[in-house]
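There are 2 protein chains.
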Amino acid sequence: MKLIVQKFGGSSVANPERIKRAARRIGRYKKEGYSPVVVVSALGDTTDELLKLAGRITKKPSRRELDMLLSTGEQISTALLAMALHERGFDAISFTGAQVGIVTDSAYTRARILNVSPHRILEELKNGKIVIVAGFQGVNVRQEITTLGRGGSDLTAVALAKALQAGSCEIYTDVEGIFTTDPRIAKDARKLKRLSYEEMLELASSGAQVMQARSIEVAGKFGIPVHVRSSFSNGEGTWIVKEDKRMEEVWIRGVSLNKDEAKLTLGGVPNRPGMAAVIFRVLADHGINVDMIIQNIGRTRTDVSFTVSKSDCDAAMNALKGAARRIGFTHISQDADIAKVSVVGVGMRSHAGVAAAMFEALGKNRINIEMISTSEIKISCVVKKKDGEKAVRILHEEFQLGKKQPVRERVK
Amino acid sequence: MKLIVQKFGGSSVANPERIKRAARRIGRYKKEGYSPVVVVSALGDTTDELLKLAGRITKKPSRRELDMLLSTGEQISTALLAMALHERGFDAISFTGAQVGIVTDSAYTRARILNVSPHRILEELKNGKIVIVAGFQGVNVRQEITTLGRGGSDLTAVALAKALQAGSCEIYTDVEGIFTTDPRIAKDARKLKRLSYEEMLELASSGAQVMQARSIEVAGKFGIPVHVRSSFSNGEGTWIVKEDKRMEEVWIRGVSLNKDEAKLTLGGVPNRPGMAAVIFRVLADHGINVDMIIQNIGRTRTDVSFTVSKSDCDAAMNALKGAARRIGFTHISQDADIAKVSVVGVGMRSHAGVAAAMFEALGKNRINIEMISTSEIKISCVVKKKDGEKAVRILHEEFQLGKKQPVRERVK
Numbered sequence: 001m002k003l004i005v006q007k008f009g010g011s012s013v014a015n016p017e018r019i020k021r022a023a024r025r026i027g028r029y030k031k032e033g034y035s036p037v038v039v040v041s042a043l044g045d046t047t048d049e050l051l052k053l054a055g056r057i058t059k060k061p062s063r064r065e066l067d068m069l070l071s072t073g074e075q076i077s078t079a080l081l082a083m084a085l086h087e088r089g090f091d092a093i094s095f096t097g098a099q100v101g102i103v104t105d106s107a108y109t110r111a112r113i114l115n116v117s118p119h120r121i122l123e124e125l126k127n128g129k130i131v132i133v134a135g136f137q138g139v140n141v142r143q144e145i146t147t148l149g150r151g152g153s154d155l156t157a158v159a160l161a162k163a164l165q166a167g168s169c170e171i172y173t174d175v176e177g178i179f180t181t182d183p184r185i186a187k188d189a190r191k192l193k194r195l196s197y198e199e200m201l202e203l204a205s206s207g208a209q210v211m212q213a214r215s216i217e218v219a220g221k222f223g224i225p226v227h228v229r230s231s232f233s234n235g236e237g238t239w240i241v242k243e244d245k246r247m248e249e250v251w252i253r254g255v256s257l258n259k260d261e262a263k264l265t266l267g268g269v270p271n272r273p274g275m276a277a278v279i280f281r282v283l284a285d286h287g288i289n290v291d292m293i294i295q296n297i298g299r300t301r302t303d304v305s306f307t308v309s310k311s312d313c314d315a316a317m318n319a320l321k322g323a324a325r326r327i328g329f330t331h332i333s334q335d336a337d338i339a340k341v342s343v344v345g346v347g348m349r350s351h352a353g354v355a356a357a358m359f360e361a362l363g364k365n366r367i368n369i370e371m372i373s374t375s376e377i378k379i380s381c382v383v384k385k386k387d388g389e390k391a392v393r394i395l396h397e398e399f400q401l402g403k404k405q406p407v408r409e410r411v412k
Numbered sequence: 413m414k415l416i417v418q419k420f421g422g423s424s425v426a427n428p429e430r431i432k433r434a435a436r437r438i439g440r441y442k443k444e445g446y447s448p449v450v451v452v453s454a455l456g457d458t459t460d461e462l463l464k465l466a467g468r469i470t471k472k473p474s475r476r477e478l479d480m481l482l483s484t485g486e487q488i489s490t491a492l493l494a495m496a497l498h499e500r501g502f503d504a505i506s507f508t509g510a511q512v513g514i515v516t517d518s519a520y521t522r523a524r525i526l527n528v529s530p531h532r533i534l535e536e537l538k539n540g541k542i543v544i545v546a547g548f549q550g551v552n553v554r555q556e557i558t559t560l561g562r563g564g565s566d567l568t569a570v571a572l573a574k575a576l577q578a579g580s581c582e583i584y585t586d587v588e589g590i591f592t593t594d595p596r597i598a599k600d601a602r603k604l605k606r607l608s609y610e611e612m613l614e615l616a617s618s619g620a621q622v623m624q625a626r627s628i629e630v631a632g633k634f635g636i637p638v639h640v641r642s643s644f645s646n647g648e649g650t651w652i653v654k655e656d657k658r659m660e661e662v663w664i665r666g667v668s669l670n671k672d673e674a675k676l677t678l679g680g681v682p683n684r685p686g687m688a689a690v691i692f693r694v695l696a697d698h699g700i701n702v703d704m705i706i707q708n709i710g711r712t713r714t715d716v717s718f719t720v721s722k723s724d725c726d727a728a729m730n731a732l733k734g735a736a737r738r739i740g741f742t743h744i745s746q747d748a749d750i751a752k753v754s755v756v757g758v759g760m761r762s763h764a765g766v767a768a769a770m771f772e773a774l775g776k777n778r779i780n781i782e783m784i785s786t787s788e789i790k791i792s793c794v795v796k797k798k799d800g801e802k803a804v805r806i807l808h809e810e811f812q813l814g815k816k817q818p819v820r821e822r823v824k
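So the sequence lines, in the order shown, correspond to chains V and F. Heads up: the first sequence begins at 1 in the numbering used here, then just goes up one per residue. Heads up: the second sequence begins at 413 in the numbering used here, then just goes up one per residue.
With a straight-line Cα cutoff of 30 Å, these simulated DSS-like cross-link-like pairs (lysine-lysine) come out:
1) Lys472(F) to Lys129(V)
2) Lys52(V) to Lys442(F)
3) Lys472(F) to Lys20(V)
4) Lys541(F) to Lys52(V)
5) Lys442(F) to Lys59(V)
6) Lys60(V) to Lys432(F)
7) Lys20(V) to Lys464(F)
8) Lys31(V) to Lys471(F)
9) Lys31(V) to Lys472(F)
10) Lys541(F) to Lys60(V)
11) Lys541(F) to Lys59(V)
12) Lys776(F) to Lys802(F)
13) Lys52(V) to Lys432(F)
14) Lys60(V) to Lys443(F)
15) Lys442(F) to Lys60(V)
16) Lys603(F) to Lys776(F)
17) Lys30(V) to Lys471(F)
18) Lys129(V) to Lys471(F)
19) Lys162(V) to Lys221(V)
20) Lys126(V) to Lys472(F)
Since the hints were derived computationally from the structure, they do not count as laboratory data. Bear in mind that the values here come from a model prediction, so they are computed numbers and not experimental data.
Pulled out of the complex, with its shape left as it was, chain V reads as follows (with noise of 0.2 Å):
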């Protein structure tokens, strides 16, 4: 049995002809001799719209009644693609999570998969069918409906791959694939064969947002070769797999931007160990997750400035007024006013001057660097939001990464 999963992503279910659209290409590999599990997504913006009604009755939904509304987008979009393939001629057979055993913890809006018992899918394929799983939800040991979060569709998608040992999985979307870097912003951007999973990791927490990060963080560990594609079009998108020397041999695989993140500063903050401690203690105690952090160190008052999420930049200011005698400092500031610019290659690893290379491209263009986070394979740097794309097209060109042959060892 060759066993295929495809995942479709909201947008590409989004209305009854798409859902057709869909019904056409999953019918075509099952002729081809695929045996394949489809994942689907809610039908565009059903959950917004869900989310909309729970919103005109309370504005402290309950997580779990969130989880019971939510998961019946999914359920709608499995019967209908359903439908579709029965429409075509196919069999094929449509289930909620909790049907095929897709458990999880309790942790309801964003619960972890612990299990996923293929028993039930496997019997169905064996009788030739197309089987249809609801992406996105789970149910925890006592049967209470759970989801997986923002983009959960992806994770279901991995995890049946794993449980199913699957060849592959195809994540359908409305781009083509993963990018150099958003064509939007560097016209000459090119489409991606192959990168890492590591690769496709820190792309995404920088900004692209094609796949949930979680589950590329999965696919990884078990070694899935994942194929973002478009649901649009019939050409190759992405495959996202494990390092090889050869992936080694470019500099830099693509450039990233994100604009979601402010920065907030706390001035005079007494210079004492543990105080840092203190500040980070607070914010994750408030559920604030925080992304780079810079500290200036005076003689005995400090400085210190790091980036969180837009949409938690009031909650991080009120959590530290709250604290504010306990950390001491002397005045608090935001600025929403940033753009993060990253790039991002596993190349980095074994070549130096990444970094030189970055920071001189942008000075050189007058481009003020405001603070600068690296990983192994991911440099970022913050600069005014007006500079954000400037700087994209700067380090794209930098690194040549138009060319089909992107420079691989940098002449000093």
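For this one, chain V is given, so just place chain F on it according to the hints.
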């Protein structure tokens, strides 16, 4: 524990405002010491919208997938109602049919309940929670979602009342209760305080669409008192209870009108034994329910007329034309221009002359009777459609249903 089952129909939860209103009422019961178990239908026209979506994909949706699709409507209502109760400070928890063990057979779109496991509900009630259950749905033994047919939420409510041994079952709807006849037709129609299961059943099947017929049957079988009342006012509605002696003192409980049937006539059918069996077997094999039947026997040939639901009329015509040779009729005709007027009352059993009084009243007013059928507690006449409402008014008057003390013994 003063357990009470309360069912809210689609119009009672049509939008967030109405859901809040339902929550207010449920909360009041909770404060008075009741333990409410609430059954909800889908919001207003959700079901029709989902059917429209399916219709854009296929003309003949699979019944299994239809149930998968339609069951989401009730799931949405349960979650929203739970949120509304939380908002008012009550502890509430929602469940799908599957989650509370409503097990049915596998007859998708019209499944029958086989068993209800009350454990989970009782556990949550003991924890002080208000329990909300999605109506209209269940699962078969393989955990595949089934639905119970039009009006199935009534059945869910009655089945839960039985399984939980609730004191009574409240059906909230958009009318004040059951009336002697439709108040839009006869201005002096009175709300009935009590009527028997049998009377309600005959009224339901003769056009009074307040409650699903099967749910009345089940309530009667287990002697569960049902209170039909308005979700828009606090007044008492109508109690449907076991028949008692006092009820028999009243001749007629109510008059109903059904304009949803059509009459078919087969002319010149050979007058041979078994011919009627052939005709109605053909219809049964096509899943068409027949209501009234009359046969006028001639010497060698005979005419057979019967009524079916208007929506089945074309299918019935085609089925019979397909069997024309076997049946051997000389012509076939249909008439959708009819109305069925029925008088219902358990008192009929012990009082002779109801039929005569009914026919006389219609005759005196020059209303022609095309067909007649009788049961122990009901007499129905088919008349021209244009005469339907007039006939209702005449009979409502004849049997003095507008008066507080309707006719008990007719003066001959």
